[in-house]
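Based on the provided sequences and hints, a complete structural model is requested.
There are 2 protein chains.
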Amino acid sequence: MELRAILFDTFGTVVDWRSSLIADLGAFGARRGIAADWAALADAWRGAYHPSMDRVRRGEAPWTVLDDLHLQSLERLVVAQGIAGLTPDDLAAMNDLWHRLRPWPDSVPGLTRLKRRFIIGPLSNGNTTLLVDMAKNAGLPWDVIMASDVFGHYKPDPETYLGACRLLRAAPGQVMLCAAHNADLLAARALGLKTAFVPRPTEYGPSQVRDFAPAEAWDFIVTGIDDLASQLDC
Amino acid sequence: MELRAILFDTFGTVVDWRSSLIADLGAFGARRGIAADWAALADAWRGAYHPSMDRVRRGEAPWTVLDDLHLQSLERLVVAQGIAGLTPDDLAAMNDLWHRLRPWPDSVPGLTRLKRRFIIGPLSNGNTTLLVDMAKNAGLPWDVIMASDVFGHYKPDPETYLGACRLLRAAPGQVMLCAAHNADLLAARALGLKTAFVPRPTEYGPSQVRDFAPAEAWDFIVTGIDDLASQLDC
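Just so you know, the protein sequences line up as chains A and B, in that order.
Residue numbers are given in the working numbering: position 112 of the first sequence equals residue 112, and the series is strictly consecutive.
Residue numbers are given in the working numbering: position 168 of the second sequence equals residue 168, and the series is strictly consecutive.
All clues given are correct.
Pairs of lysine-lysine, BS3-like flavour, derived with a Cα cap of 25 Å:
#: 1; chain 1: A; residue 1: Lys136; chain 2: A; residue 2: Lys115
#: 2; chain 1: A; residue 1: Lys136; chain 2: B; residue 2: Lys136
#: 3; chain 1: A; residue 1: Lys115; chain 2: B; residue 2: Lys136
#: 4; chain 1: A; residue 1: Lys115; chain 2: B; residue 2: Lys115
#: 5; chain 1: B; residue 1: Lys136; chain 2: B; residue 2: Lys115
#: 6; chain 1: B; residue 1: Lys115; chain 2: A; residue 2: Lys136
Because the hints were derived from the structure by calculation, they are not lab data.
This one's a predicted model, so the numbers in the text were calculated from it and none came from an experiment.
Dropping the structure here:
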């Protein structure tokens with residue numbers, strides 16, 4: 001079956017959330033005259049990501065878009081980390097930094113090459129506006145945005161992978177997921193999608209404990225999105 | 001309220017379906033050695049568009065994407081017009097011409113300018129793949145694809161206009177619909193969206209009977225999508 005579309009996990013796979021957040025939170029704090037351990041906040045914020053979505057996935061919370069989960073986590077974390085003096089507008093501005101994460105150096109060149117032959121898009125737990133703003137800021141040349149709020153589900157719920165295939169009018173075997181996370185690829189492959197693993201060994205900084213290497217014999221194992229384009233002769 | 005996104009009706013507003021279909025059906029017929037009145041087929045095909053969607057909208061047919069409605073209409077029309085010798089592959093190739101409609105001359109320049117300040121996307125009865133293929137072929141620089149199969153509804157069902165606002169996390173008054181069809185704008189305005197009318201007086205060729213001029217005091221009345229960009233200081 002001919003490959004028609006390549007979808008990308010986004011946070012960590014296409015954009016470097018940790019370096020972006022630490023730099024932008026630091027700059028924000030400097031402008032506002034607020035000192036804090038911004039790296040610790042960034043790591044704790046990302047640490048709250050899966051637990052917050054899992055509460056929605058298990059039905060313990062109603063459907064809530066990622067922007068709102070991020071804000072709920074932030075409100076709790078600034079208290080827990082003793083970061084004082086932040087107004088609601090400050091918290092909203094900090095939350096908006098997720099819309100302006102910067103891509104890994106290979107992302108835009110690789111996507112630009114892949115776009116010539118394939119339909120490309122994120123398949124992300126981000127909401128549509130987060131992903132659209134990110135694409136406009138970072139120059140990600142997506143053809144289509146497969147966002148969690150289109151499906152009302154978070155990965156790894158099957159409704160996300162299969163919902164994307166339905167909108168692409170493609171069999172799962174005609175769609176490939178590229179991700180830096182073995183667990184995401186495992187869920188995609190179980191539903192019949194093709195898989196590509198790209199290691200991002202600095203994604204979590206010094207606290208990274210997994211996903212340094214492929215855990216399975218994925219269809220493609222690449223060093224970057226530009227390498228995926230090369231391996232697909234784009 | 002600040003305008004955040006501009007959505008566009010597509011068939012007729014952004015792309016010139018009639019000239020594209022007549023030219024491409026004619027070229028197809030010449031390659032296949034099949035003579036027919038291709039303009040008559042194009043007009044009858046487009047004539048079947050609203051009735052076919054209305055059957056879905058009234059619940060007389062299950063949800064069916066536009067590509068499949070187009071194919072059903074085409075199968076009936078080639079018989080009715082006595083066009084013989086077409087195989088199922090021929091019909092599929094003819095149906096795929098809707099994915100390669102060409103833009104009006106002002107569309108790409110205008111969209112490119114508007115994209116700098118606003119989120120832009122189609123809000124179309126086309127399905128996702130039809131709109132993605134069209135964008136890739138025609139160079140339409142969409143940020144997001146608001147397709148009927150995302151919502152499971154056809155315009156003017158409110159689920160389309162309001163579904164787009166929900167995904168954009170915007171109040172209806174922060175979203176504008178640009179269309180060449182007064183009826184589409186009337187439905188959008190009734191739900192609170194802003195409106196822009198662009199006349200396309202040759203859309204239906206010699207048989208055009210309506211939409212030569214704005215029927216209401218829309219928020220913007222423009223001569224083309226480039227003029228909309230100018231009126232919005234883009």
